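Asks: Each chain is listed here by its residues.
There are 4 protein chains.
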Amino acid sequence: MALISRTTRGVYAIAPTPFLPDGAVDLESLRRLVDFYVDAGVDGLTLLGQMGEAPKLTHAEAVEIVATVLARTDLPVVVGVSAPGFSSMKALTDEVMALGAAGVMIGPPHTLRTDDQIVGYYSAAGQALGADVPIVVQDYPLTFSVVMSVPVLARIARETPSVVMLKHEDWPGLEKISALRAAQAAEEAPRLSILCGNGGLFLDLEMRRGADGAMTGYCFPELLVDVVALAAEGRAGEAHDLFDAHLPLIRYEQQPGTGLAVRKHILMRRGLLRSDTQRSPQRSLSPDERAEIDLLLNRLSHHDERARLP
Amino acid sequence: MALISRTTRGVYAIAPTPFLPDGAVDLESLRRLVDFYVDAGVDGLTLLGQMGEAPKLTHAEAVEIVATVLARTDLPVVVGVSAPGFSSMKALTDEVMALGAAGVMIGPPHTLRTDDQIVGYYSAAGQALGADVPIVVQDYPLTFSVVMSVPVLARIARETPSVVMLKHEDWPGLEKISALRAAQAAEEAPRLSILCGNGGLFLDLEMRRGADGAMTGYCFPELLVDVVALAAEGRAGEAHDLFDAHLPLIRYEQQPGTGLAVRKHILMRRGLLRSDTQRSPQRSLSPDERAEIDLLLNRLSHHDERARLP
Amino acid sequence: MALISRTTRGVYAIAPTPFLPDGAVDLESLRRLVDFYVDAGVDGLTLLGQMGEAPKLTHAEAVEIVATVLARTDLPVVVGVSAPGFSSMKALTDEVMALGAAGVMIGPPHTLRTDDQIVGYYSAAGQALGADVPIVVQDYPLTFSVVMSVPVLARIARETPSVVMLKHEDWPGLEKISALRAAQAAEEAPRLSILCGNGGLFLDLEMRRGADGAMTGYCFPELLVDVVALAAEGRAGEAHDLFDAHLPLIRYEQQPGTGLAVRKHILMRRGLLRSDTQRSPQRSLSPDERAEIDLLLNRLSHHDERARLP
Amino acid sequence: MALISRTTRGVYAIAPTPFLPDGAVDLESLRRLVDFYVDAGVDGLTLLGQMGEAPKLTHAEAVEIVATVLARTDLPVVVGVSAPGFSSMKALTDEVMALGAAGVMIGPPHTLRTDDQIVGYYSAAGQALGADVPIVVQDYPLTFSVVMSVPVLARIARETPSVVMLKHEDWPGLEKISALRAAQAAEEAPRLSILCGNGGLFLDLEMRRGADGAMTGYCFPELLVDVVALAAEGRAGEAHDLFDAHLPLIRYEQQPGTGLAVRKHILMRRGLLRSDTQRSPQRSLSPDERAEIDLLLNRLSHHDERARLP
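Chains as they are written, first to last, in our numbering: chain A, 1 to 310; chain B, 311 to 620; chain C, 621 to 930; chain D, 931 to 1240.
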């Protein structure tokens, strides 16, 4: 199975974990979701991230989800393995890599503060997991409260060769992409693959800055695929027109805490999930929120037929 | 001079503080800015907020800025007076109220955590400032790290009658507006005026939820005025069309830390500020950022002529 | 097996998890440690807390540790079951309660902020675990960043009857004990058992305020037992004399991050642990630190023979 | 007037700001306090720190306090000038240096996170204030939420020559002192004067690690003077005996938030302050707390006559 590398490009869709109303993992919906992402043209999948409700799964469930997806598709699959201790992180990593995963994603513990602490953490993680396991660094200060400067990311890339990709969701983050590419051009730092998150909120501009694509879970992954493809083809105007039409909904889905409920609701309405259930502790949508989603979908559908949902 | 009250509505523009390149306060630009806001049709002004660089001003400069604005316009003016101790807060409040301010705005110290601490703080502030000074509570967790629940806001409104307005910038915050209006309808809490911030990022939906208007500093205050007016007239479709055209720029300006630089840059290009200087510590725009602003303004100008800038 | 209740008193020693130098769980040392705690006269044990390196254990290891301890002693055993999701919390709880645990301890997720969020979290946890599982609320703002006011704790005690005990380690925290006891006396809140943590740093005064005892892992649990017993017998002067002799070491052991290394080092020197190994990420002692521990032990041994270690 | 330098040693007492019950600054008590510190044998004074309630003073009051102290003593005086913007920091600095202050102390804004941000902040502050103003860096993560690693402090010392002193109150912090001294010995960083805070809680051990003395406000500055002197004379045993006798009270006074109330209360009982008033927002002592202080003073007085207070 192919592994991710420092030159990986494209769209990695972050898949939610489907649950039935009683809280059981819904593997049937998961398979349908995988087929949908393949049809949408994504380049890879990411499982068991924050939005995949990973911390609410048992170890056995986590492994079963990865196995189910890998049995369904040949796409490269990145698996979130963040854990407070390296022994459980290593255990999950070994299992999913043996199943055929393309790499693992690690968010920093929220107690890290100084540059040395952050660099040291990824160095220790790299040693614990072994040099042959590609690692994605998740740079998401709003959630993890850990701020990674450009020099820190450059040091991580130099000192831990198995770190191959940055899941970029610092905010603001545009200058960071440019600075990383400049460091790379100046040979001060090795190239990293940069896939952008934050629900896609700045994807139009991130591609101009030198990002390699997106890794996020927006409920219309087709939009991410189109924007990345149009940018790659130099059709910037079309990319912006399409992106701007989706921006009101992207903004809505990107609200912290609320986002996953919106995402699961729309994926259910798209016929992919049987239920929009989240495991507890969870957050469900109010009638006002459902009406707002209807409004935003309706307005979007005038620009993008795919948003015309039942 | 009229004071703000629990039924105040409309758009309160947050004015930046203009500086000359050498860092001196630029009163000429400030007067021009006031005239511009008046022409744009705003209902009031807010001075010396976070975006007004208030912490970087001496006491004397702060008072001079307020005096200059109040000498120029009859619009109601809210003044930010947040301070670590009540004695300096009281000193500034007394001066600006004597000059004719319509009320003061207070953000919470970032050390407050529990419900009782927050309610107690505003109660003590109300007592320190006196019952006749209308107070705006600034609810901005992303900046202040203080989370105010709906019951807390209801308690503040009940226990401190001089608190008349909520500057709403929790995120996500739509449900909070509905919950406050429901508490008011159930007579569990007095009515508060709710003006929304966050750069306007959710203004389209906030008006549907029962907000009374906007209090923010977006570089096109005309947009805020139009959206609030169209909403009030029930012309929701037009409001959304106009809002959506501005959303790519609103999103861009709302980036933490970067936003004020964007705002001052555009206000300078609109001919209002002589310089986009911020006082140190500051953040200036990169060439990439200026190019992005050009792109966003250019795309916006196809929908809104006012965005066609030199 | 007896369960903890709202009238539980005494000393619950927090046991570290012994590891061999290769990182394997050292059950032989664990059994020796249990015998030592029994001989020291503690009233109960707490397993799998922060200081038990719980997040670094696999589920199977956690269960094995609890089973080993419960097979060795009839003392009541509280088990830390904090987890991001209720399904894994419930799974571990069910297993350890079936094995004979006396109750479970739950620390709050660090994202909780408002009173309602905190009360709601423990209510949901109580429902998820079932009414017959006694719960200890861990109130440790320095580590969890969650501040629980007295009204919040009173609400939790009223609304979730299965919450029977407070592990008290707010800092400062003396007034909180008095306020909880006053609320109880005024029948505004049910009685909770209050066992104090913080390494014992304020145990001399906490007992005067109405605490029921200690739940902490100080490397001389005999001191905790003596102070609680002397306080119960009204021999305050002796309690203070003994406590003060230990205070320089208590203070040293209570340093965040460093404390567990100090504790394991001394328990190893006391012949209880075969190794002071922590699982990665970990913190080992410098030569300076070992010299400081020698100095503090040597000085202490002039007052307390038990501190004369090889 | 002598300036502080990278070789400054001894005890700098942090003076509280005395207020009368009506909140007015009490200059008479301030003068008495200065005489007391001189008699106690301190080597310098620090004004307008966190414990000096600096944020609750107007600019004019702050300057008057500094002028009053400098008119009363020839001891070197360090003045806290932390401010959100460099213009007000510069204004206060210029005034107090002109009055004869020995240097200024600057705590970091709580928004700084990365190494570069912290180093850059002190570099900008040094430039703003001018090369001839000696600066004390306040390293107090518990209050400021800014973590300064040893490499960061070494960079600050290298890049900003006017930074001459570290007010050390990281916790745990012993290893940091040793690491800074090792960096200095290896010529990787210039020497900094290191004076330790944290209420003196680790002063016994800090002196062994290579600290130059103390800068803190413990209510018995004589103890700080004695411990530093005994350590300098190699009379370590006596230093420990005296320190240990004070430790129960030191620990009590060092409780966050409560500490200043304890300190002012004891200084009032020592006949130095006319009132223990703090400016609002404030924290007063409960009857329980006053009884605890009585108990601790009484026990201490058996070892140190100076603690026998009316």
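Some clues are possibly wrong.
[Unchecked claim] Only pairs whose alpha carbons sit at most 20 Å apart, straight line, appear in this in silico SDA-like list of lysine to any residue: (1) D:Lys1020 x B:Gln592; (2) B:Lys400 x D:Lys1020; (3) A:Lys90 x C:Ala751; (4) C:Lys710 x A:Ala131; (5) C:Lys710 x A:Ala60; (6) D:Lys1020 x B:Ala334; (7) C:Lys710 x C:Ala751; (8) C:Lys710 x A:Pro55; (9) C:Lys710 x A:Arg279; (10) B:Lys400 x D:Glu1089; (11) C:Lys710 x A:Lys90; (12) B:Lys400 x D:Arg1085; (13) C:Lys710 x A:Gln278; (14) C:Lys710 x A:Trp171; (15) D:Lys1020 x D:Arg1043; (16) D:Lys1020 x D:Asp1004; (17) B:Lys400 x D:Gly1030; (18) D:Lys1020 x B:Ala377; (19) D:Lys1020 x B:Thr378; (20) A:Lys90 x C:Thr897; (21) B:Lys400 x D:Pro985; (22) C:Lys710 x A:Gln282; (23) D:Lys1020 x B:Leu330; (24) B:Lys400 x D:Arg1209; (25) C:Lys710 x C:Thr734; (26) C:Lys710 x A:Thr68; (27) A:Lys90 x A:Asp39; (28) B:Lys400 x B:Val373; (29) D:Lys1020 x B:Asp332; (30) D:Lys1020 x B:Ser315.
[Stated by the list, open to error] Pairwise CB distance ranges (calculated): (31) D:Glu1089 x C:Pro876: 51 to 61 Å; (32) D:Gly1201 x B:Asp404: 34 to 44 Å; (33) C:Ala911 x D:Arg939: 41 to 51 Å; (34) D:His989 x B:Glu469: 47 to 57 Å; (35) A:Pro161 x B:Ala401: 38 to 48 Å; (36) D:Asp1218 x C:His679: 52 to 62 Å; (37) D:Ala1221 x B:Asp384: 54 to 64 Å; (38) A:Gly234 x B:Asp345: 22 to 32 Å; (39) C:Ala802 x B:Gly520: 32 to 42 Å; (40) B:Glu543 x A:Pro84: 48 to 58 Å.
It should be emphasised that the hints constitute simulated quantities derived from the structure, not laboratory data. These numbers were taken from a predicted model, which means no experiment stands behind them. All C-beta atoms in this analysis are idealised placements derived from N, C-alpha and C, irrespective of residue type, glycine included.
Asks: Which earlier hints can't be squared with this structure?
Replies: 2, 3, 4, 10, 11, 12, 14, 15, 16, 17, 18, 19, 25, 26, 27, 30, 31, 33, 34, 35, 36 and 38
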